[in-house]
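K.L.:
Since the structure of chain E is already known, use the hints to place chain X on it.
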Amino acid sequence: MISIALRYAGVWILLLLLLIATAGSSYLDLGGKGAVLHLGVAGLQVLLVWLLFMNLLGSKSVIRLCATSALLWISFLFALTFSDYFTRGWNERPTRYPEGTATRSGVNLPLKPSNRNISERITFRLTERG
Amino acid sequence: MNEESSVLRFPWPNIARQREGVAFGMWTFLGSEVLFFGGLFLSYAVYRTLYPQAFDTGSAATDIFYGTVNTAILLTSSFLMTLALHGSERGSRGIVATFMLATAAFGLAFLGVKGLEYAEDIDKHLVPGPHFPLHPETTRLFFAFYWVSTGIHAIHLFVGIVVTIFLGTQVAREKMTPKSTAIEAASLYWHFVDSIWIVLYALIYLPGRSA
Numbered sequence: 001m002i003s004i005a006l007r008y009a010g011v012w013i014l015l016l017l018l019l020i021a022t023a024g025s026s027y028l029d030l031g032g033k034g035a036v037l038h039l040g041v042a043g044l045q046v047l048l049v050w051l052l053f054m055n056l057l058g059s060k061s062v063i064r065l066c067a068t069s070a071l072l073w074i075s076f077l078f079a080l081t082f083s084d085y086f087t088r089g090w091n092e093r094p095t096r097y098p099e100g101t102a103t104r105s106g107v108n109l110p111l112k113p114s115n116r117n118i119s120e121r122i123t124f125r126l127t128e129r130g
Numbered sequence: 131m132n133e134e135s136s137v138l139r140f141p142w143p144n145i146a147r148q149r150e151g152v153a154f155g156m157w158t159f160l161g162s163e164v165l166f167f168g169g170l171f172l173s174y175a176v177y178r179t180l181y182p183q184a185f186d187t188g189s190a191a192t193d194i195f196y197g198t199v200n201t202a203i204l205l206t207s208s209f210l211m212t213l214a215l216h217g218s219e220r221g222s223r224g225i226v227a228t229f230m231l232a233t234a235a236f237g238l239a240f241l242g243v244k245g246l247e248y249a250e251d252i253d254k255h256l257v258p259g260p261h262f263p264l265h266p267e268t269t270r271l272f273f274a275f276y277w278v279s280t281g282i283h284a285i286h287l288f289v290g291i292v293v294t295i296f297l298g299t300q301v302a303r304e305k306m307t308p309k310s311t312a313i314e315a316a317s318l319y320w321h322f323v324d325s326i327w328i329v330l331y332a333l334i335y336l337p338g339r340s341a
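In order, the protein sequence lines correspond to chains E and X.
Residues in the first sequence are numbered from 1 upward in steps of one, following the working numbering.
Residues in the second sequence are numbered from 131 upward in steps of one, following the working numbering.
Chain E on its own, in the form it takes in the complex (with noise of 0.2 Å):
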């Protein structure tokens, strides 16, 4: 049991570490790398607590296999999602909604122009009215 326990605690100092690390490496000025180390960080934590405190590295083969397909799938909904946000700007109007284009009432979608014009004709018709 003790030496069992002084496996464990030594796993606990070092996910403990690891946080102090990462905290304090928020601090510094580390450009588009912080996000990377951050969740860098955060996924060698997940792993320590799922192969030792969760024991998948001493479980039989179909159990690891379940807990793997539960990341396959997130990695397919993930891949899915961004395959659509990333390739926006192909398009020969890029669709992307820049920073600040959300509004108290929603989202402001960018309109194609042949509703702009129509929008636009309402507003003139209204202002014209008074």
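Simulated from the structure, these hints should not be mistaken for lab results.
Cβ atoms here follow ideal geometry from the backbone N, Cα and C, with glycine treated the same way.
Do not rely on the hints blindly, as some may be mistaken.
Now the stretches of chain X that chain E is said to cover, found in silico as 3 or more residues with beta-carbon under 8 Å [to be verified]:
{"hint": "1", "stretch": "193 to 203"}
{"hint": "2", "stretch": "206 to 214"}
{"hint": "3", "stretch": "309 to 323"}
Derived Cβ-Cβ restraints for the label pairs, each shown as a range [what the hints assert, rightly or not]:
{"hint": "4", "chain 1": "X", "residue 1": "199", "chain 2": "E", "residue 2": "75", "range": "29 to 35 Å"}
{"hint": "5", "chain 1": "E", "residue 1": "83", "chain 2": "X", "residue 2": "142", "range": "40 to 46 Å"}
{"hint": "6", "chain 1": "X", "residue 1": "144", "chain 2": "E", "residue 2": "64", "range": "19 to 25 Å"}
{"hint": "7", "chain 1": "X", "residue 1": "144", "chain 2": "E", "residue 2": "75", "range": "32 to 38 Å"}
{"hint": "8", "chain 1": "E", "residue 1": "62", "chain 2": "X", "residue 2": "239", "range": "35 to 41 Å"}
{"hint": "9", "chain 1": "X", "residue 1": "143", "chain 2": "E", "residue 2": "83", "range": "46 to 52 Å"}
{"hint": "10", "chain 1": "X", "residue 1": "277", "chain 2": "E", "residue 2": "85", "range": "21 to 27 Å"}
{"hint": "11", "chain 1": "E", "residue 1": "5", "chain 2": "X", "residue 2": "243", "range": "24 to 30 Å"}
P.N.:
Same frame as chain E, but now just chain X:
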């Protein structure tokens, strides 16, 4: 009635198969939980990609002290839970009861710190609504994620605390054998809720502090 037959349940032929069944069933459930939280993480990823500045501003307004203390509390509770599980494998009633209840106490401490943090956030009007102080307005998306994700996590943790206290007291009062496979199921759930918090900590508290 010996110890093994009191743990064994229908339809398992022996205790080893039952333990595998418990772990497999629990991981299947946790897989569905991964996808449940995955939807939240996905919406965070999309909005942070679209509005990086707003997410940096929102994150810098959270209190990293409370977040870090709470992460340390949950990591410690997970360590205590592994000790409870090893007590269960050895069939030690005292170890299981003590460490299950200690784990639950750390869970309650987490909720207490979270309550202090929530009170401070509400005091600063960091709730998307009429008096929300931060600009640009897309910062509200960050705080919507903050409240929904930490709230759902707190509900998960609360369920874990109730289950852990129940099992701990059942073992202490000799109404359940310390070798029960329910201990392993509860421990898997507890560690999983801890691992969700580890990711939430990196998403909520760490961005936007260096500027």
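K.L.:
Against this structure, judge whether each hint is valid.
P.N.:
Structure-based check of all given hints:
Check on the stretch 193 to 203 of chain X: 4 of its residues sit with their Cβ under 8 Å from a Cβ of chain E, so the three-residue criterion for coverage holds. Judged by the Cβ-Cβ criterion of 8 Å, the stretch 206 to 214 of chain X is covered by chain E as claimed, because 6 of its residues qualify and three suffice. Evaluation of the coverage hint for the stretch 309 to 323 of chain X: fulfilled, as 4 residues show C-beta separations to chain E shorter than 8 Å, against a requirement of three. Look at residue 199 of chain X against residue 75 of chain E: about 32 Å separates their beta carbons, and that is inside 29 to 35 Å.
For the hinted restraint 40 to 46 Å between residue 83 of chain E and residue 142 of chain X, the CB-CB distance of approximately 44 Å keeps it satisfied. Distance hint check: the CB atoms of residue 144 of chain X and residue 64 of chain E are about 22 Å apart, consistent with the given range 19 to 25 Å. The hinted range of 32 to 38 Å is satisfied by residue 144 of chain X and residue 75 of chain E, whose Cβ atoms lie roughly 37 Å apart. Remark: the range hint 35 to 41 Å for residue 62 of chain E to residue 239 of chain X is upheld by a beta-carbon distance near 36 Å.
At roughly 47 Å, the beta carbons of residue 143 of chain X and residue 83 of chain E sit within the given window of 46 to 52 Å. Checked against the hint of 21 to 27 Å, the C-beta distance between residue 277 of chain X and residue 85 of chain E comes to roughly 24 Å, which is consistent with it. Distance hint check for residue 5 of chain E and residue 243 of chain X: the Cβ-Cβ separation is about 26 Å, which falls inside the suggested range of 24 to 30 Å.
Every hint from the earlier list agrees with this structure, and none is contradicted.
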